[in-house]
Each structure stands twice: as C-alpha cells, then as structure tokens.
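If you read the sequences in order, they're chains G and B.
1 is the number of the first residue of the first sequence in the working numbering; add one for each residue after it.
1 is the number of the first residue of the second sequence in the working numbering; add one for each residue after it.
To be clear, the hints were calculated from the coordinates, so they are not data collected in a lab.
A few of these clues could be false.
As the list claims (entries may be wrong) - For the chain B half of the interface with chain G, some residues (derived, Cβ under 7 Å), not all of them:
1) R22
2) F25
3) T50
4) A52
5) H53
6) L54
7) T75
8) D76
9) D78
10) L79
11) V92
12) I146
13) L372
14) G373
15) P377
16) A380
The C-beta atom is built at its ideal place from N, Cα and C for all residues, glycine as well.
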Amino acid sequence: MQLTLWTYEGPPHIGAMRVASSMHGVHYVLHAPQGDTYADLLFTMIERQDRRPPVSYTTFQARDLGGDTAGLVKDATRAAFERFQPDALLVGESCTAELIQDQAGTLAASLGLPVPVIPLELPAYSKKENWGTAETLYQLLRGVLGARPARRERIAGTKPRANILGPTRLGFRCRDDVREVSSLLEELGIEVNTIVPLGATVEDLRRVPDADFNVDLYPEVSRSACAWLKRSLGMPHTTVIPMGAGATRDFVMEAAALAGVDPSAFLASKASRLPWYSRSVDSTYLTGKRVFIFGDATHAIAAARVAATEMGFEVCGLGSYSREFARELREAAAGYGIEALITDDYLEVERAITAAAPELVLGTQMERHIAKRLGIACAVISSPIHVQDVPARYSPVYGFEGANVLFDSWIHPLMMGLEEHLLAMFRDDFEFHDGAAASHLPAGSPAPAATDAPASAGQDGLAWSIDGEQELRKIPFFVRNKARRNTELFARERGIQVITTDTLYEAKAHFGR
Amino acid sequence: MTVAATSCLPEARPILRERGQREVFCGLTGIVWLHRKMQDAFFLVVGSRTCAHLIQSAAGVMIFAEPRFGTAILTDRDLAGLADANDELDRVCATLLERRPDIKTLFLVGSCPSEVIKLDLAKAAERLSGRFLPQVRVLSYSGSGIETTFTQGEDNALRAMVETCPRDDARQLLVVGCVADVVEDQFRRLFDQLGIGPVNFLPARRAAELPFVGNGTRVLMAQPFNGETGRALTARGARLLSAPYPLGVEGTTAWLSAAAREWGVPQSTFEQVTRAGRERATAALRPHRRQLAGQRLFLMPDSQLEIPIARFLHRELDMQLVEVGTPYLDRQMVDAELGLLPEGVLVSEGQDVERQLDRVRQERPDLTVCGLGLANPLEAEGLSTKWSIELVFTPIQGYEQAADLAGLFARPLERKARLAV
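Only chain B is shown next, with the shape it has when bound in the complex (with noise of 0.2 Å):
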C-alpha cells in the first residue's frame, strides 16, 4: 500500500513522497489548544465516540468539569434518517448556548462521519447564526482525518474565521497562528518598541474580536501550517511576508525583521529593540548547545513545525539531521524555511509508519521526535525520543522561549546519561 516517489523542488531538493498508515492525529486535535487560546469559544465536534475519545485521550487528563469543546455523537437514529439530522443538530446547539451564555463563538467541527454522511455544517453554521445572532455567531469548518492532518485542524478553524472577518482597507500587521498568550505579549512589546502597527493576532483571545482585513494588510505568519489561512487573506487583499518562523534566535530576528523591513524601520532600531532578547537567548542556548552538539536527530512527521524545528537544531545548535519527516509539505509556508536546512538532509513527505521505523531502526539516532504512540516503543528499543505534542502545547516561539525549545529536546539525552538502571 505504499506508493513511494521522489520529486524535485525548485532547487532540486529530493523529497521523498510516501503513502501508508499514518501515526499522526486528525485535525479534531488542534481543539485542544484552540480552545485554551479564545476563551469565548466553543467547539462542538459532530462526529462518533471515536471523535469524542481522541480528543478526550490527546488532551490526557480532564481539568475543567464542563469543559468548552464536546461531541454530538451520531446515533444509530440519526443515520438510519430516524431523526433528521439537522434538528437534532439545532437541538444541541440551543441546549448547549442555553447553558453557557459565555460562549460567543460556536464553531461545529465536521468530522470523518459527519463528512462521510454528507452532513453539511456549513449550511447548518449560516442558519444557526441566523437564529443566535447577535449573541453567538455559529461558524464551521473540517477537523476530519480524511481531509485533515493534526495541524491542519487549526487552519481551516482560521480560515472559517477569515471569511466573517470586516473589511477595512487600513494597514495592519496581522500575526496568524495560535500562539500561547505569553508569547503574544512578548511580540506586542518588541513591536511597538519597533514603531509597528496596529498589531492584530489571528486567533485573538476572544474569538468574538476578529480582526479586520484589507488592502492595507500585511500577513506574518506565526505557524507553519496555516497555508490555507494565508491564501484565503491573500484573496482578501492581505500581502504575506515571506519569513522564516520565530523559533530560536535567527528564526524570531528573520522573522521580526519581515515586518520591520516593511515597515521602513531603521536597522539601528532594529538593533537596538532586538539587541536584549537575541543576547539573552544566545546565552540560554550554550548549555543546551553542549547538550545537543553533533546529536543525530530524526524527526517523524506531526505537525509541520518539523522543517523548522530542524534548522534551528541544525544551525543555532549544531545538530545533525538525519530525516525530517512532515506530513504535509506546504512549499508556499515553509519557502524561506527550506533554503536554510543543508544540503543533503532527507525531507520526507506523507507517511509508511512502518517503513520510517525501519529508516529509523537502521540509523539509530541519538534523538527521534515522535508521536506519544511511538515514544514508549522506541525507548524500549533504546532510542531516545521526544514526544511531538509538546512542540504546540508548549510556548516556544521568540527570544525568551528559545532554550525552553532547545530543552525541550536537551532533556530526553540530559535523562538518559543520568539514569544507570
């Protein structure tokens, strides 16, 4: 079942295409953070009690009693066409608002079954908006696994947003990609310190405030897996800004850089405002450079963060890459990104699970960045591995989050020269 091709990009990179069963999350995942980050929203997953258990088993432990994503699980009736789906999808809707007034935003997240059965959510989105406006606006998008990969989930909850977002043709910086508050916070500052602005973040903290969208829009991309997203701003008249992503020193400089280039600030500022941040994550970074010099690395594919998580372990801390593994190679998001690994590095798209342990089991590297349902076996075989998930659960853009990044990856190698049992 494995159909595997080679193809060239433009600059001749080889990137090995695979096709097989996949170890990677659907989009239904990105709820799990998505939620955290725009606190007026809820998402309600259409789907089965497999939708319902991943999303409960991803997130690991339940925190909140009543927390602000669920499942309206397909019964039996509901695909026999006992009962009309769409009613009884209104039904749950009206139940849930009716006991959280706080919710603003509903987002229905369509699912393999809901997809499958040609249940369709944007229709069911547009009337449900048109009976809870003006206190909820009801949106909808596809966290399926047939169509989405873990990351993806999050993509296309933006882009569903992109489109009720207002016109207005005024120049703006427009940061896209869910970023930990934190992180949001530190960018703020560095950008006003810059003279850039007004700043809008996609998603804001409360997803009720949608930022507007314009001519005068210019687009930084905070995560790599927001293709999408950034085509249907471009289609609104929003410019991207080409740069590579805010993880470690160079990558948070070259992309801040993005911005202040377009903004005409003066490289003297520019110095000056980064000057603190870049020393300080230089310094933070040596002892992790110790840690991590000359390991081999080899990174299965997640959540398309992995071409640049892989350049800055290459460049800022001297790693050597072995493969790096993406399940979705969006050449338009990574472009600057690409031209920064060296040469050689096998790049491999899509996924043969099996096969790629094979790869990993002949080569033996001294780190493997996978998925948590890999992580145990391979210790087990001896391989050192760092679970996947934290790279989006955790803050780990900019300046300040870089050695957290770097440790990250430190701490798996630091543990097993500890351990003598």
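The following block holds chain G by itself, in its conformation from the complex (with noise of 0.2 Å):
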C-alpha cells in the first residue's frame, strides 16, 4: 500500500482513453464502475473538447459480481459498435475489472465484429497512465498493421517521408507543437506522412510504414512504438527532441540525415529569437538564477539543455515522475553536477524544492502549487496540465517559435532585469520595505520577506550577532535568503559560532556572484 496525496500520473487506462480520444474513428470499450466516467472531464473540461472521449464504460454494479458481467461487456461492445461505427475497437478493463478477470478483452474479440477490436492489457496495480498511453499506441498499430507488418519502399524521385509519433490529448502542448514539428520537417524537404496518434484515423495507422523513418516525438508515449518499428520494419527514428534554439538545430540535422537531405539552407534562414534575447543586456539579470525542474523525463532533461545554456540559469535540481527514463534523467542530472530525483511522491518534490530553495521552479500543475505557496515564480513545462495550460494562442514549445515561447514563459514570472536593477536602487524607498510583494506577483501572493523568518541557524550553535543580523536586513528581500544561506554555510565550514557583519562581508566576498 502507497499512500498517495495527489498523483502525478493516473492509472494505465487513462493513457488508453488519450490514445482514443485523439484519433478519429476508434473507441474504446471500459469495462469499468460507475464512477470511472469520471476521466471524461479531464477532456471536456482541461482541453475544453467540444466532444466526449470515444469511451463506452460498462458501468457493472454489485449486484452485477455474481451474475453476469461478462455479459455486460458483450452487450456493450455491440451497442458501442452499432452506435459509433468506430474503424478499430479498443477493448480493455479499468483497476476493478481487472480483479474480476472478465478478460473483456478477449470476450469482445469472440464477437467477431467486421472492424480490429484490439484487447487491451494494462496492469492498473502495477502500471500508470504514461505506460498505458505507449502500450496502447503500440498494441492499436500492431492489432492495425499485424505482428508482421511490410516495409513500403519509396519510389524514386519522391520527397523522404517522416510519421510523427506521441502527440496525444493531455499531453503537453501537442497541438501546437505538432504544427511547428510538421513545418520543420517540410520546409527541410520532408514530407509528413502521417501524425499519430493526434488526429490520425485508422487508415492512417495503415500508411505508417510508408514513411523514411519516425519521429520520436513524446518518447514517453512513443518509444515503444518506435522501437518496434525499428525491429519489425527497420523503421530508423529521431533521438533528439527539439525544445529550444540549440537542440532544434540538432533535431534538423537529425532528421535531415535520416532523410538524406541537406539542412545547411534552411539552418542558415531559420533561427529562434531567443539566442539574441539570451544575449541581449537586460538579460544579465538571468545569469545564475537557480531553476528546479520537474516534469515527464522528455521535457524535464530538455528544458534543464535549454535553462543551463540558453538562459544562464543554474540547473540546482532535476527530477521526474517517468521512472522508465531514469537512466537518461540521471545521465542529465549528472551533467549538471546534481543528483536526479525520481520519485511520483509529490511531498518528496516540495521537499526537495523547500530545501534547494531556487528562484525559479519548471514543473508540471502540481509544482505550479508547490511554488505559488513557497512564494517561488514557475512556469510550467510538462504534463499534469490544467485548463491554463492549453492556451487560446499559438504556444508551441518545440522548434524555434517554441524556444521563442520558452523564452518569454520562463522570464516573465521572474523579475525583469531593469525592474530588479530599480528595485535594489530603491530599496530603502518606503514603498519597497520587507512586506512588499513584487509587482509581478498577484495580489495577495506572500511577500518573500515572508519565507525569510525561520532563522535556520540554531541547531548547531550557530547565531546571528545583532549587527550581523541588521546588516542581513539591509540586502534587498529577494536575494537575502540566498545571502543569509551561504553566509551561514561559510560559516559552518570555518567553524564560526557567530555571525557578525565581517562574517557576511567574508562570505559575501567567497561567494561572489
């Protein structure tokens, strides 16, 4: 038993519905209680769908247990079939169904319907929603194209083609990056064969294996699919995803190699504006601002490339809740001289977010919480997502425009470089006291004089002299925290018992900036 507070992930069915539900013409029959409807306003509501996943739940009772729920499943997948006319059925259980062992699954398969009715096995006591999405994707194309699918050859003279694989619903920002992969690909001369599973239709799934290679896009959602491609058809893919101005240029290079194309034009008449903003000089202020990042393994390792060295942040954490990538996330971490934090404990995060104490967090919804009650700014680059953050505009996070977009969503929770340079000018100003919150922050957010109480001297011996701690004072609010922490860790380290103002004007002088 694992006591759980709130889940980064849901249970493995969920990943089923995403698949569904982002294409067109397939459904999924639930064998599952009452109550698990529940999982449709996550896409009405969250995604504002102006139509209700393609879930058909068979809704067994109590009384149902001892009489007949294989029964249900039957009826239910007929009725589902008649009603939709669906190209392809999905068939699987949810937790409670599972312990009944109906296998609807393989009753819906006896039915003999005239479509693919694909079973679906997703262990709900041991799997999540991530693991169910990729499975899912990965049995609909093997139930679709068989367990021995054939390799088209593409005629000559045709342009390479590329299937963009794992943009789902609930996924981050999949809309929009979907279009902005899609022009990369085909302004570099690569056709798009097909976008699965956002979108796609059944016939779709068929012509996948008329494509070049695939494009790993989600590997969270994608890579077994790839990988099975790879096998089955010899089916190459994209290693690289392509979340800001550097690492799309080596997504470019990457698919432009697997399609034997040049990409040196197109590299040479596209760029992001970050590179510029990055360098330009408000941005000074970003140098060494230290970012914790939480998110999917895809994303977190991505936007940890891309705060390290496009924004000059220091990377002081990184973790995920994707357990299946933690060799690649702490292959990143190590990179950045830290150690990786794997857990789906989200106490464990805010924890770990409370003691690096960083000015900026990357994280999913649930960071976005943690921070707004430290009084941290953060922005939020993966899934779990929530309605604001499947936004009206354009807002794609991969290729240039993305980085352009990472660029304006990171900076903007922080201080604006003048506006910090003012604020230190001006900090003896009355209207710039302690209990002031910053400007950017909505009302009522906690001043972060207010974080700054806890003297965290004290166990050890270690004191502040009256002095010392009036000088503490005198540095403006957002950066006395760090300031009182490494003074106190100079101090630790030389065996100091008291802090005085020469002891803050040493450490200060160790630290440097």
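From these two lone chains plus the hints, build me the complex, please.
Have a look at this one:
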C-alpha cells in the first residue's frame, strides 16, 4: 500500500483514453464500475474538448458481480459498435474489472465484429498513465498492421517521408508542437506522412510503414512504438527532442541525415529569437538564477539544457516522475553536477524544492502549487496540466517558435532585469519595504520576506549577532535568503559560532556572484 | 444493455427506469466537501490509483499541500497476498496519524477494489480505534462506485457516524446533511428566534463533536440523499420530520415550518421571524424569474438534488420541466417533494447516458443540467448547460441563498444572450 495525496499520473487506462480520444474512428470499450466516467471531464474540461471521449463504460454494479458481468462487456461492445460505427475498437478494463477477471478484451474479440478489435491488458496495480498510453499506441499499431508488417520502399524521385509519433490529448502543448515540427520537416523537404495518434484515423495507421523514418516526439508515449517499428521494419527514428534553439538545430540535422537531405540552407535561413534575447543586456540579470526542474522525463531533460545553456541559469534540481526514463534523467542530472530526483511522491518533490530554494521552478501543475505556496516564480513545462496550460493562442514549446515561447514564459515570472535594478536602487524607499510583494506577482502573493523569518541557525549552535542580523536586513529581500544561506554555509565550514557583519561580508566575498 | 421499465408511485406518477452507462461520480467524490466541513477529520480511501485520480480531478485544483484526504493505493504486492493488507493498512494509518496530530476522526473509505477483494474495513476501523482512541476515532464506510452514486457517499459517511453517536433521549432538533458553515449559521439564528432548540447538525464542524441521538430527537433533512442515515437515526429512536428541502423561498419556509409545528411555535411568531428572509429572497428572485420563466429545463441524474431543484425552478421561477433525472429515487426522502412537481413531467431514475442524450437532442431544452464530462460537448451542439457539481459545492440552501441558486441557472442563459461570437 502506498499513501498518496496527489498523483502525477492517472491509472494506465487513462493512457488508453488519451490515445482513443486523440484519434478519429477509434472507440474504447472500458469494463469499469460507475464513477470511472470521471475521466471524461479531463478531456472536456481541461482541454475544452467539444466532443465526449469515444469511450463506452460497462458500468457494472455490486449486484452484477455474482451474475453476468461478462455479458455486460459483450452487450456494451455490440452497442458501442452499432452506435458509433468505429473503424477499430479498443477493449480493456479499469482497476476493478481487472480483479474480477472477465478477460474483457478476449470476450470482445470473440464477437466477430467486422473491424479490428484490440484487447488491452493494462495492469492497473503496477503501471501508470504514460505507460498505458505507450502500450495502447503500440498495441493499436500492431493490431492494425499485423505482427509482421511489410515495409514499403520509397519510389525514386519522391520526397522523403516521416511519421510524427507520440502527440496525444492531455500531453503538454502537443497541438501546437505538432504544427511547429511539421513545418520544420516540410521546409527541410521532408513530407509528413502521418501524425499518430493526434488527429489520426485507422487508415493513417495503415500508412505508417510508407515513411522513411519516425519522429519520436514524446518518448514516454512513442518510444515503444518506435522501437517496434525499428525492430520489425527497420525504420529508424529520431532521438533528439527539438526543445530550445540548440536542440531544434540538432533535431533538424538528425532528421535531415535520416531523410538524406541537406539542412544547411534551411538552418542558415531559420532561427529563433531566443539566442539574441538571451545575449541582450537586459538578460544579464538572468545569470545564475537557480532553477528547479521537474516534469515528465522528456520535458524535464530538454528544459534543463535550455535553462543551463540558453538562459544561463543554474540548474539546482532536476527530477521526474517517469521512472521508465530514470537512466536518461540520471545522466542528464550528472551533467549539471546534481543528483536526479526520481519520484512520484508530491511531498518529496515539495521537500526537495524547499531545500534547494530556487528562484524559478519549471514543473507541472503540481509544482505550480508548490511554488505558489513558497512564493517562488514558476512556469509549467510538462503534464499533468490544467486548463490554463491549454492556451487559446499558438504556443508551441518545440521548434524555433517554441524556443521563443520558452524564453517569454520562463522569464516573465521572474523579475525583469531593469526592474530588479530599480528595486535595488530604491530599496530604502518606503514602498519597497520588506513586506511589499513584487509587482509582477498577483496581489495577495506572500511577500518573499515572509519566508525569510525562520533563522536556519540554531540547531548546531550557529547564531547571528545583532549587528550581523541588522546588516542582513539591508540586503534586498529577493536575495536575502540566498545571502543568509551562503553566510551560514560559510560560517559552518569554518566553525564560526557567531555570525557578525564581518562574517557576512567575508562570505559575500567568498561566494561572489 | 438497457433495461427500461415504467412503474408507478402511489400517486400514479410514471417513473422511467433505465440501466446502462452512467455518467456520474461514485461516492468517493463526497470527500471533497465532507473534508472541508469537518476540519478535524481525515478521509483515507483504500483503493487504487484510479480512486486517487478521481478525487483529485473532481476537486479541480490542488490547493492544499497536505489535504485532509488521501488514498492508500493497493499495489500488486497487496493483491498477491505478499503483504498482509491489514498490516499494511495499520502501517499507513500509523504514519498518517503521526504526521497529523490535529486529526481526531479518521474515516477509512472503501472503494470498488477494496470491496471486490473483500478487505474488511469495518473490522480494520474497530482494530485501529482500539489502538488510537481516545485521541483518534476510526470509522469506515463505502464510497465505492459498485455500491454508491456520488452523494450516497455522504449518506454512508453520516450513517457510520450515527452508529457512534451517544444515546440521549432529551429533546433536540437534528439537522442532517452537509451544508456550508454560512448556511448552518443562518439556520441556527432562525431556529433560535423561533425558540426551537437545542439544535444540532450532522455533520458538525468538528467530527469529534458527535450529536446525541435518542427518542427525543427530531430529524430535519437538509439534503435529500441521506436516506440510510435517516433510517439509522429512526432505528435509534429518532423521528423524521417530513418536509420539502430548504431550496428557494417556498422550500425553506416549508422546511422551517415542519420544525416549528413540531415545537408548537405559534403561527404569528413563525410569520414574524421568517418575514424578513422571505421578503428579501422573493425580491432577489424577481430578476432571475424574468430570465428563466418559460425556459425549458432538462436535468440529467447526478446528486439526487434534481427533484427539489426542479420543484424550485418550476414553482418559483416558472421554468418548464422536460425531464427530471435522478440517479436513485428514495421515495421516503422525496415524499414531500414529488407531489409539488407538475403533472406530466418525465421523472427518470438511473441512466443510460446515450439514450438520455438522444432525448436531450430530440427535445433541445433551453438549459440542460449535467456533469462536467457532458457540458462542453452539449454546448458545442448549441445546447446551454449548467454543471451540476456546483449544486453540492456552493451554498444554496435557505432564504439568503435562494437567489444565488437561481443565479446558477440564469448565468448560462445570460451568457448565451450576451455573446455574439
């Protein structure tokens, strides 16, 4: 038993729903009790979907358990087929149905319906949502293409072709990333063969083998499908996630190599504004800002590269709830000289953020709440998302335009360079007293000074002298916590018991900035 | 998979009974408002990741770092019997209570999986109470989807509390059903002015402060979905006062008057005490009536509040009722309400959501009250909707909230009228 307050991922059948509701002509019959229909609202409310997810629930009750729950599966499958006329059916079970072992998938497959019926076995007590999404996509492709699909060779003289695999409903900014990545490929002279599953039909799945390579756009979702297509068809796939200016260039070069096209003209003509914005002087103030990153592994690892090399931040924390990608995450974290945090325990993430005392948190909706409570700036970079993470405007995070979006959306929560400068200049002004919250934070946000109170000294005999404490208060509130932390660290390392004004300035000189 | 049947109530009102896919929450959802009401209680669901995800999604956003609810998620080890589920549960509860010394009542909440594997939470609660009393009382109830629909979770929680209420045959008015604190305070003031007392509420703001129950207890139901709790109280000697629910001016007056009659309050006193509230509410409803009168209303089944809400919207705001769906029809609980519904309105119990949506599309009502999963898809078809979940999250009972309640239904129509995009 695992005590859970908030969860990053839903159960694996939510992943199957994400695949089904991303596509056209695919219907999912879910053997599930009353209540499991709650999942519909994730799609209709968070993403403002204008249609119900294509899911039929058997809605079994306690009184059915002694009787014929298997009959309910058959009836629901037949009824769903007749009403919705899908081109393919997914049939599976939620957590409770898994326990009563009706074998819903096998039962439905035995009905002899004239469309592919794909049984899904998604173990609810050991796996989670992203795994379920990946498994469903893989099973669906296998179900439609057959266990031994045939590769189709490109006709000479035609353009190279790529499939974009992985974008789904409830994924982070998938809707806009797909458009951005499609236009990258097309401008390179690569035709987008299919996009799967977002917006795909069953017929599109049948055309997957027509492409020269696959773009593994969201490895949490598409890695198993890409790996199978590579194994069974010899189709190569990309490995770079085009998030940030540098990674987008790397992606372009990788895709061009797989397609056998020359990217130099394209790369010479296309760029993001991020590099110049980052080099412009106002951005000087971003240097060394401490940033804590947590999300799915794909977005977290890619965000860390952007943060460190394109924003000039210091990555002080990097973590993910995607245990499947723990190895990649550990490697990335080691590159920043930190240890990766791999956990799906929200409270552990909160503790890690509190301890790291970052100036910016890049995370999921969960970290947004943590950051709000701690009075730290935050931008959302990964699912789980909420309604505000599905903006009306075009807002990709991949590609060159995506890099522009990252610059804007990560910098805005922070103090602007000029604003920070003015704050320092006017710090004695009555309006810039300790209790005044920064102007860019919503009214009612806790003032940073509020988190200043608990003197961390004490347990090991370390104490602040009165003059030291008074001098500390003269430091602007938005760097005061850092000054306190650094000074205490400096004092501890040198066995200093009482921190005086001198200690404060010695520490300042020692750490510099 | 649909079994449609028509049966008759004593007054010969036909009820359409349907069976099929249900687009409603399970009883676990009640935790979202129960934990806000009882601030010294913790709700621990013993279930799956789905249960945790459901409560989190139904609650919308996470506001609290450590909410007073959580899920003990069953894993493969628990199912394979490698870990004794009872030992595991004891361990989780001990960790939890150690972290939260402010918790005085711990509810173990049964779920679909815990019921299917026949984990005996009643026994576990007894065992844990033995260990943690007098600091913490441990109770159990089922919020599972195979047993309960949405608000029935509250009914089961309250029934579990009734079993531990102390016995006292003294005279009291017991108001049953979770209402917002502001509503509770208004009712307390009114009862006080009417000379009715002592008055206790179930649930109270602190779960540890259980009301007494006995032969002198008169029960006034504030919510229509607590039938099992009502019957458990009856079994302990209490008597239920039959009344419509305190929604709207008429409902609130009739509800208060049921208690006033029982306490022998003179009619003149009743008139005088309630006059200000009645007049304020009547005046506040007027602009909403202009908006709502004549509009056709379809209520999908959700919280069991549908029948009293339909009565209010029809009788006080002149809306026309197309269909009034309820997930479960507890006749004893809606006895005083059903007679106030107009002749010929279709009352349906249970749900086959596809068939019901066919009826919505055929009738094209001006307003459809439905769950969050259906609202946007219906709006996309040009049908105005009202999310039903607001009816359990918002204070709607009593005179001072009557116009707020009407406003919930008027707002979607007003919005539709304003928008030209």
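Now for the hints, and whether the structure bears them out:
no., hint, in the structure
1, R22, "holds, 5 Å"
2, F25, "holds, 6 Å"
3, T50, "holds, 5 Å"
4, A52, "holds, 5 Å"
5, H53, "holds, 4 Å"
6, L54, "holds, 5 Å"
7, T75, "holds, 5 Å"
8, D76, "holds, 5 Å"
9, D78, "holds, 6 Å"
10, L79, "holds, 6 Å"
11, V92, "holds, 5 Å"
12, I146, "holds, 4 Å"
13, L372, "holds, 4 Å"
14, G373, "holds, 3 Å"
15, P377, "holds, 5 Å"
16, A380, "holds, 3 Å"
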